[in-house]
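Participant: So the chains spell out like this:
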Amino acid sequence: MTNLPMKEKKRLAVFKFASCDGCQLSLLSCEDELLALADKVEIVHFLELSSHTQTGPFDLTLVEGSISTHEDEDRIREIRRQSRVLVTIGACATAGGIQSLRNWADHDEYLQRVYAHPEYIDSLATSTAISDHVTVDFELRGCPVDKVQLLEVVLAFINQRRPNIPSHSVCLDCKRRGVVCIAVTQAKPCLGPITQAGCGAICPAYHRPCYGCFGPCDQANAKAMSEHYLEVGVTPLQMIHQLRNMNSAAKLFQIESNRIESEHPTNRPAP
Amino acid sequence: MSRSRKITVNALTRVEGEGALHIRIDGNEIAEVRLCIYEPPRFFEAFLCGRSIQDVPDMTARICGICPVAYQMVSVHALEAALGIAVTPEIRQLRRLLYCGEWIESHALHIFMLNAADFFGCANGIELAKQFPERINDGLRIKKTGNSIVEILGGRAIHPVNVRVGGFHRLPSRDELTSLLQPLCGALDAAIDSAEWIAGFDFPSFEPDCEWVALHHPDEYAMNEGVIASTRFPAIDVGEYERDFAETQVAHSNALHSTRRDHPSSYLLGPLARLTLNRHRLVPDALRLANRIAPPSLMQNRFRSILARIIEVVSCLQQAILIIEEYRETKEAFMPHVAKAGFGCAATEAPRGMMYHHYEISDDGLVTKAKIVPPTSQNQRQIESDLCLYLPQLIHEPDEIIAAECEKLIRTYDPCISCSTHAVTIDRGPR
Ligand code: SF4
Ligand code: SF4
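From first to last, the protein sequence lines stand for chains S and Y.
Numbering-wise (the working numbering), the first sequence opens with residue 60 and increments by one.
Numbering-wise (the working numbering), the second sequence opens with residue 12 and increments by one.
Pulled out of the complex, with its shape left as it was, chain S reads as follows (with noise of 0.2 Å):
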């Protein structure tokens, strides 16, 4: 590869809210690939990588984590400002990450529980996606994302075309991967049929059911799949708590562990 000359290099931003660095750390983990990538963008703000910190514009702007705090509010508009494209990497930027099980509680309480002074603390009562807050050109799933994907993602912008993400669903990488189904065989509740592609299928490779940790896919029928594992025999709080992981503010997970709630109550506080 060759070295482009500074001006021509698309300026790169990794910025970070509420979340584990996982996503992020996936761009590092693209051993064979990281020293090229830096070769054809110039990485202008990565905190975790380096220490050379520049302010923006930037062309393509990566964001990590979710919205949890009033600052952070702040923080991502001034951000989008700065951005020419914004991508948001993983469950936490894409769906409020597993940090929105707050969502569901009472935050005061859960502030008591965590810390002597709550008042110390500057936290929202919800975790929630960043294009809830600002425009989003693209989100890519995952919990964490997949290193290729999320090279094809940074490559597509800077050469400033449309990702290629498929959108189905794990089924059917777990088709090609020639792995028995759980959902047909095993009563235990694997989120496959409603989960998108991205991981090859991980979880029924390894004998267990999916947790949706790449968030819902396209034409998902939600509703259709828990009611068949809750007749098979899986209880509506596995069943609830199977939606509610990382990814239980993604809207068609969010309104499906709602309604198994509502109409088949648990005698069990969820989550």
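In case anyone wonders, no lab produced these hints; they're calculated from the structure.
Yeah, the Cβ is synthetic: ideal placement off N, Cα and C, and Gly gets one too.
Treat each hint with caution, since some may be false.
Where chain S lies over chain Y, by a calculated footprint (3+ residues, C-beta under 8 Å) [stated by the list, open to error]:
#, stretch
1, 37 to 46
2, 71 to 84
3, 155 to 168
4, 188 to 199
5, 395 to 408
Given chain S, put chain Y with the ligands in place with the hints provided.
Facilitator: Just chain Y with the ligands, lined up with the frame of chain S:
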């Protein structure tokens, strides 16, 4: 009149998660040093309550993308303690292998991409790669083999899916594991060369005395289990951790500070502490290497933590090769069990140091209480106290140099701030 200076690093770089540093100097006095963790709280301990114990390893992994295996290991160990489950020797070895994978990739990332740059005035590993292309390529290759172990055993490198209470969902085939041997041997040679390279770095001298704490195991370099050993106090069982250690909340940080209950001073966790307390348990070749290039007398120096890390990488690579060579396929992927009410705790060695979890569970297998004490929150006070001792030698330097040098010292801890911030349950008085 004495001059007052305020030095602020608004966003620490090349650390995982987000934190800031505030320093105030009055005349020649260090008036204040505050490491602020502004990473927002994520409430793991609160939302784990009410969840099935089977969900726990998937959820706790999400605390940290850099050391998800550590979170999975300590949580399944604690839950197994609550249920009275003992795993088979095969499962135990595979867990150790998985942990080796994480130590290798996490240490390699820190050494080659984040920390080594500090010794050459570079802003990052990519810049350093221009000076030392082969070294950095070797480093990335070592990292990749660590990732491959976690991928094969766990399904993927970040947030693996294969760990469960009682063992694994599926055991690897012998062929899957032996496919790792060749890359592991290559990585081992590269790691030994890297260790020699790193031993030759120019280390600033800084070796203040403190308490060092790490797990200790009679037969092996402690990872998944052991007693809690210290350079100052007698070793204790993990079950006594909460009797002897406590956390307090400070106004300037979202993460809590840990100290000994009866001694409010800080203590140090991580590779330097492990090497100090467990050196003779290193795999033989790693021990020889360590004794040659990292004698105990030098390893009080915080800046040599990078050397301790590469020695642990060498040890883990050898350990992984041994485990794979001895691996025989068995039938039992996990120990079957019935839910019952109970309490269990465990401590394991995350790459950054010892981590402690406890869980209470109900008779239908739901979590009723969770307590999680990650390594960075325990090291936080030690980092501040180290900075106070380090700053006097920098005091006549311009602000930017002071800030940069302090960041370097903080980076030797590889603080993982995304984990340190999540909530730690407050103790509201003696029990
Ligand atoms: S989406 Fe998952 S992997 Fe990515 S930052 Fe959030 S918790 Fe971490
Ligand atoms: S939970 Fe589903 S989407 Fe996530 S890795 Fe497993 S199979 Fe893939």
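Participant: Determine for every hint whether it applies to the structure shown.
Facilitator: Hints, one by one, checked against the model:
{"no.": "1", "hint": "37 to 46", "verdict": "violated (count 0)"}
{"no.": "2", "hint": "71 to 84", "verdict": "holds (count 6)"}
{"no.": "3", "hint": "155 to 168", "verdict": "holds (count 5)"}
{"no.": "4", "hint": "188 to 199", "verdict": "violated (count 0)"}
{"no.": "5", "hint": "395 to 408", "verdict": "violated (count 0)"}
Against the hints set out earlier in the document, violations occur for numbers 1, 4, 5.
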